[in-house]
Amino acid sequence: MACSGLERPKVSVGRCCDPSEPERGRTLRSITHKAPLTLLACLLFCATSLTQSETRSERVVRFYQLQFASQLGLQQDLQLCGASDNKSLRFHCESRSKPLSGSRLRLFLEHSPNLDGERSFLSVSLNYGILRSLRLDGQNEKRAEVIIPLPPELLTMENELVFSATQFPLQPASSSVCTSIKVDSYIEIARAEGASVVDLSLFPSPLVDTHSYRPQKIALLVPETSTSETLEATALLAASLAKQAGALPLQFTLLRTIQSAADPLLIIGTPQEQPQLSELQGKTHLVVSETAATRAVGFSEADMLNESEGIVGITTGREASHIPILFVTANSSRGVLNATRHLLGGTARLTGTLIRISQPAVPPRKARRHWAGFIPPPSRFRLSDLKAPEVRIGSMKDHSGLLRLDAPPDVRFLDYGHQMNLALKLNPGQILPPRLAVYLNNALIGRFASQEMFSGSLAAVRIDVPARLLAVRNTLKLGWEGDGDTDNFPVAATLLPNSEFYLPRDYRAQLPDLGLLQSNLYPFSLQPGLEDLVVVIPDPVSVDTVALLTELACALGRLAPSENLGFRVRRATEFSRSDRAGSNVILLNPEIGGGLTQRLFGHWKPLPWIEVLKGFPRVQQQVSPWNSSKWVLLFEAKSLPALQEAVRLCFSESMLKQLREDAAVLTPARPIPFSISAKQTVREYLYLMHLEAWMRTHWVALPIVLTLASVVLLVGLRVVLGNYKRARNAGSSIGSVS
7 MACSGLERPK VSVGRCCDPS EPERGRTLRS ITHKAPLTLL ACLLFCATSL TQSETRSERV
67 VRFYQLQFAS QLGLQQDLQL CGASDNKSLR FHCESRSKPL SGSRLRLFLE HSPNLDGERS
127 FLSVSLNYGI LRSLRLDGQN EKRAEVIIPL PPELLTMENE LVFSATQFPL QPASSSVCTS
187 IKVDSYIEIA RAEGASVVDL SLFPSPLVDT HSYRPQKIAL LVPETSTSET LEATALLAAS
247 LAKQAGALPL QFTLLRTIQS AADPLLIIGT PQEQPQLSEL QGKTHLVVSE TAATRAVGFS
307 EADMLNESEG IVGITTGREA SHIPILFVTA NSSRGVLNAT RHLLGGTARL TGTLIRISQP
367 AVPPRKARRH WAGFIPPPSR FRLSDLKAPE VRIGSMKDHS GLLRLDAPPD VRFLDYGHQM
427 NLALKLNPGQ ILPPRLAVYL NNALIGRFAS QEMFSGSLAA VRIDVPARLL AVRNTLKLGW
487 EGDGDTDNFP VAATLLPNSE FYLPRDYRAQ LPDLGLLQSN LYPFSLQPGL EDLVVVIPDP
547 VSVDTVALLT ELACALGRLA PSENLGFRVR RATEFSRSDR AGSNVILLNP EIGGGLTQRL
607 FGHWKPLPWI EVLKGFPRVQ QQVSPWNSSK WVLLFEAKSL PALQEAVRLC FSESMLKQLR
667 EDAAVLTPAR PIPFSISAKQ TVREYLYLMH LEAWMRTHWV ALPIVLTLAS VVLLVGLRVV
727 LGNYKRARNA GSSIGSVS
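Be aware that the sequence shown starts at 7, since it is given in the numbering used here, and climbs by one per residue.
Please keep in mind that the hints were generated in silico from the structure rather than gathered at the bench.
Worth double-checking, as some hints may not be accurate.
Stated by the list, open to error - Label-pair distances were calculated between CB atoms; the ranges are: (1) Pro612 <-> Glu698: 31 to 39 Å; (2) Val718 <-> Ala473: 39 to 47 Å; (3) Phe69 <-> Tyr691: 53 to 61 Å.
Claimed, not checked - Below, computed lysine-lysine pairings styled on BS3-like, alpha-carbon distance capped at 25 Å: (4) Lys685 <-> Lys663; (5) Lys372 <-> Lys403; (6) Lys403 <-> Lys188; (7) Lys148 <-> Lys403; (8) Lys223 <-> Lys148; (9) Lys620 <-> Lys644; (10) Lys188 <-> Lys148; (11) Lys223 <-> Lys188.
Ideal Cβ positions, reconstructed from N, Cα and C, are used throughout, including at glycine.
Working from the sequences, and respecting the hints, build out all of it.
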């Protein structure tokens, strides 16, 4: 470390005791005597600074691992077979940290024993940059570990590892030679936390990292008072962040002060509800005007917000922490809710660090059963409608060529009429493999010769799908096959977005049934954005109420089949007649067998009283007493903290898989089911869809159907004309007699 950046120590010049000595001489001797000491002090200062800098660097450098199996989703070993083969693996780096030197790839591999080590190699590249090329010889024939450094300049937000094998057998082999990269291999990323880039256009970053493979935390500043609109805004934002955080649960921490935040912080509410907003003045252009009676926000003393406007802003905390702070505020709770909806998917384009929201938010609303990641409600749809990743077709033995065709849990596919029209495009420079095989749920539904299928670089195949193979969860697999069982082919073609599917279906379910909640909250999620759901919380509102509501919102965000949610929040005293008539309801009741449930729902059938189970929380589902097509989900526990734990327990993955019947007592080990209400069949029958599917299947009978229809119309027309003629003749006869 150079000293050029340090301030040079000042030399203290003292007076000599001999008054007869010239002043200049005394000064020069003083400097000469003290120069070595000054130089030594400078060197010691530089060394100390270097040591402290290195200590700080070592303190901030941490590591996170990306396991091939658990984090990257690899289900089995990567097999590289034949004379030349390659496989790729994609991964993300966390956006809130910077990769550093020390990152590495730890591979566990083995290969066939009959390989010529002088000519057989495995090459590993990262984002088109070669990392290492190693011989495939006796040293790594059995399981061996290979550690490959990852240069930080090659690591980006989205990355692709490519493993390429060139393999020559020592002598003609009876079977194909292969190299296996084990599924327990992993990537280790050295990271250093840095200052977050704060810009509303990057939302939900930097509050949550959508590419993180680790659990994430969010801090929430508890408002001093809260209206239902502010609580609704808080719940919607918590649900959205939980959805963006991915499969790992998002942990919320409730705080009383901004200074105590150690994680990204949310501040939601008016300046009356969140008086600590005034501490953000100076960091942003936000201005909080305080009088003896009120507080108001705006951009200046002369530019305060009106009642319908709101502000969305983002900044950072203390200089040393760089903690991102997202705040949503307004001079009314209605403005807070409107600004939150704009942030989560409104029409306003949010950029910069502070923006005024003036227009009413119109959240996007999806059609009934239009679940993200599922087949759309229409029977006929295209691959582009699925918003699925690109389907690249490689060897039947690898993991390429997979397409999920999942449906809601109440789907009932018809017994006839299902078809697929698949459009493919050959990748440039690829040799056409012999055959294409198509499997649905591990059953062969088509095998096609490539030479007959392709015309130039394009191909189209039509496949009739047996109805017996279709289920709620479906996997379509396309892959190349050769003449041998061990033939291996590269990714040679891509499934085009204009590929068409025709899967006619009805919908039918037996309800109420808590077991269906594991299927994306069905039946409360028939509207995928939960726009017809009302969450009813108890009065009065406390810190425990906010914690409970946040817990439920995170569960709804993780499970709901839509990116944008629009459920509502009401206090029990605000639960109006209009809310009851047209909504599904989730009621959070902090007492077991109390009067709140009966007061709201009238003749509610409670669980039987069992003394041994009286202290455990419970969950129950019944049809809404105000609308037979809507449902009520009731949570009961003996206190608000116990109710929060009940919500967390009920919506945990393990508990959801065990729920049965329409009611359950939630013990820590397992739910104890009860059947309280009689089940009813809920069905949607689409007559026109049935007719279309029948006509497509029985097209040979179409001329006969048209002929019969023509005959019926002709006979009917003759009857009508005959009656008209007789009536006219009768009228003429009466006129003649007169």
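For each hint, the structure was consulted:
1. Against the hinted window of 31 to 39 Å, the Cβ-Cβ separation of Pro612 and Glu698 comes to about 47 Å, which falls outside the hint.
2. Taking the beta carbon of each, Val718 and Ala473 are about 31 Å apart, not inside 39 to 47 Å as hinted.
3. The given range of 53 to 61 Å is respected by Phe69 and Tyr691, whose C-beta atoms sit roughly 57 Å from each other.
4. The straight-line distance between the Cα atoms of Lys685 and Lys663 is roughly 20 Å, inside the 25 Å bound, and the hint therefore holds.
5. Using a Cα cut-off of 25 Å, the hinted pair Lys372 and Lys403 is violated, with the two alpha carbons roughly 38 Å apart.
6. Note on Lys403 and Lys188: the hinted pairing holds, with a Cα-Cα distance of about 16 Å set against a maximum of 25 Å.
7. Only pairs whose Cα atoms come within 25 Å are accepted, and Lys148 paired with Lys403 is accepted, the gap being roughly 22 Å.
8. For the suggested pair Lys223 and Lys148, the alpha carbons sit about 42 Å apart, so the restraint of at most 25 Å is broken.
9. With a C-alpha separation of about 9 Å, the suggested pair Lys620 and Lys644 falls inside the 25 Å cut-off, and the hint holds.
10. With a C-alpha separation of about 12 Å, the suggested pairing of Lys188 with Lys148 holds against the 25 Å cut-off.
11. Between the alpha carbons of Lys223 and Lys188 the distance comes to roughly 32 Å, so the proposed pair goes past 25 Å and is violated.
The structure is inconsistent with the numbered hints 1, 2, 5, 8 and 11, although it conforms to all the rest.
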